[in-house]
Amino acid sequence: MRSRARRKTAVAAAAVIVATSALAACSSSSGGGGGSSQSSGPVTIDVVSNFTSDIARGQELNDLIKQFNAEHKGKITVVSQTTADWPTLQSKIRTEISVGGAPDVFLYNFNPSDLSLEKYGSSSLINWTKYLNADPSWKASFTGQDLSTVTYNGDTVAIPDDQSSALIYYNKSLFAKAGISTFPTTWTQFFADAKALQAAGITPISLYTADDAWYAMNAYSYLAISDGGTGAYYATKLQTAPMTEAAASLKELFSYAPKNAVGANYAVASASFLDGKSAMAIDGPWLISSIQQDMKNYCTDVGVATAPTNGNSTEQPGTIVTDALTVWGAAASPDQAEQQAVVDWMKFYTSPDSAAGMATTGQFPLVVKTPTSGPAFANSNCLMKPFVDLTNAAPAKSVNVERYMTTEAQAQLPSLVEGLAVGSISPAKFVSELQQLNTTAP
Amino acid sequence: MVKARQLVVYLGPAVVFALAFIVFPLIFVIVLSFTQWAGIGPAKYIGIQNYTYLFKDPAFRSAIYNTLLWVAAGIFVQTPLCLLTALIISRRPFMWKFFRTALFIPSVVSTTILALMWYFMLDPTVGLVNGTLNSVGLKSLTRTWLSDPSTAQWAIMVPFVIYIGFGMVLFLTQISTIPRELLEAAHLDGANVWQQDFFITIPAIRRAIALWILFLVGYVLKMFEYPFVMTDGGPVNVTMNLPLYVYNQMVTANAYGLAMAAGVVTVVLGALLMLVVLLGLRWMESR
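From first to last, the protein sequence lines stand for chains A and B. Start counting the first sequence at 68; every next residue gets the next number (the numbering used here). Start counting the second sequence at 37; every next residue gets the next number (the numbering used here).
Next comes chain A alone, as it looks inside the complex (with noise of 0.2 Å):
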């Protein structure tokens, strides 16, 4: 009796065992890895990005898809696959690579501090190299200086998406309501206006601390180039005299930004410009279609400029800070053919008629050279065509100084800033501790 039971335990014991294993192999034949075709089928592209289809860009993105698969029918299918909260896309594309399942293609953040996605993953991505050189014109249409950032150990691991400015848009009926006829050139013009719309009872500019603190780190990437140049920061080297003059000036900004901007996060400050209540924002380009749906009279009410300098040689006005370089990551595949149509849908997704339909239709340029003259934007929103000019015409850039740090010190930017804007540390213990995290955290 108990010899059979324990048979019958070691059966139950023998099928628990392969039921996992099943389980464990299923789990493991599934992933990407550069398209998927069946033998006669055609092959499936997986794009996947927070270009989802309830904004602009998204909507732009499925009818560039929707034109492609027309035009390849029965050969490639391109699907787009979103998640619309971008940490939460950087960290499943992580996952998704860790286990040797890439997604065919992918939209990431190229943090030149943290490239251990481009050092584990390289194997398993696509070397654009030998595409790139193989089309001049193509590889043309970027510039050299993106295509150096996104090499690594003479890989081109990735293409280039978008590099977006941050640039200052202000209502001009509130600048108007507090008695200013335009956008001051110098910050100590910006000081007072702000002084003066706050006396108007208008809270002078947006500002948030939560997530990435996205807005007042565009203001203090602008206060410390304006004080240092574009040198005034770089990866190894936030702890330097503008940076620490820069914050100073960040903690006095945060007294004309709304009552909430400690602890709000992107969506509560947006709105807040949005429904025309505060006068200023330093946002991105994707702020124009809110705009559209949101403010009535947008092209005579909104402005869009350039930060003001500091009225020396130090910066040359209308330098531009910028978002991190986004980039295109893709599967390699050791079926050619299916890697083929990755390339294909690349250069198709970055030519020029495609990146001025982003541009205007999408409202989010991309990194590509895209002139304004063509038909695309002779209709184009009234905000973008000057938002495109501006960052056409910049005489220098600089990359927003939250994206030099490691992603461990941007996980601590909140509490620093709040810091600074409640009056818990000074700014030089602001400064300090950036560079402290930026160096030392495991």
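Just so you know, these hints were derived from the structure itself, not from any lab. Heads up, some of the hints might be wrong.
As the list claims (entries may be wrong) - Result set (DSBU-like, lysine-lysine): computed pairs, CA atoms no more than 35 Å apart in a straight line:
(1) Lys-496/A <-> Lys-318/A
(2) Lys-80/B <-> Lys-159/A
(3) Lys-159/A <-> Lys-92/B
(4) Lys-326/A <-> Lys-80/B
(5) Lys-258/B <-> Lys-496/A
Position chain B against the provided structure of chain A, taking the given hints into account.
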């Protein structure tokens, strides 16, 4: 006498699932907590560096302090409120069914929605709280509740403490099992309402109270929504708690080793808290 076959059939699935989804992942977490890993590539063994970093990190110290503060608020504020309400409703006052239902409803609403609702109620410009204070002439009491380091922690605790429905129902259920003869006999012996509550009802439901506190500790150790939605752990980390710290390290900082170390500390802290509750219960039983 339980037969071996029964043991295998009854316990087998639970043991397999516990091993697969609790024990092995926990071992993985412990191993990773001694490494530096960005979520990709090989993990580098760094000994106890993650743990030494954690205890030097003000954000982590704040997270531990706040987690304990939430446990204390649950035990010493929310639990007495649950108990008091259950004692009142068990006497079936006017409209007691309505109040029982009304108080229980928030327990079935998503915590994320409650947190969002309170986020807007506490908004400094359009929020109901400041609006009410302004309208009754108490403008001097208005605050930027969630942005002010001196008020943010208490502000995000409010919805947690005042939603007492689940604990109340648990206590009511237990109170309903007390024989009415006991209370009637006490009444005949001259015991007033307070004496009946303190010497009969509360001792009779002490196991339910202990169970509730176990639930509460477990909930607080997992609780993520209130600080995440209402303050994102700020300002200056004053509302940071352990789950949010783990999330930030893993998702925002890609510091998986550090996140795992924080997770291990959370597990140890949870086990210690559970042990304290169980020892407290044993002590109460022995009296």
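Verification of the supplied hints:
no. : hint                    : in the structure
1   : Lys-496/A <-> Lys-318/A : holds, 13 Å
2   : Lys-80/B <-> Lys-159/A  : holds, 21 Å
3   : Lys-159/A <-> Lys-92/B  : holds, 30 Å
4   : Lys-326/A <-> Lys-80/B  : violated, 44 Å
5   : Lys-258/B <-> Lys-496/A : holds, 33 Å
In the structure shown, a violation is registered for the earlier hint numbered 4 alone.
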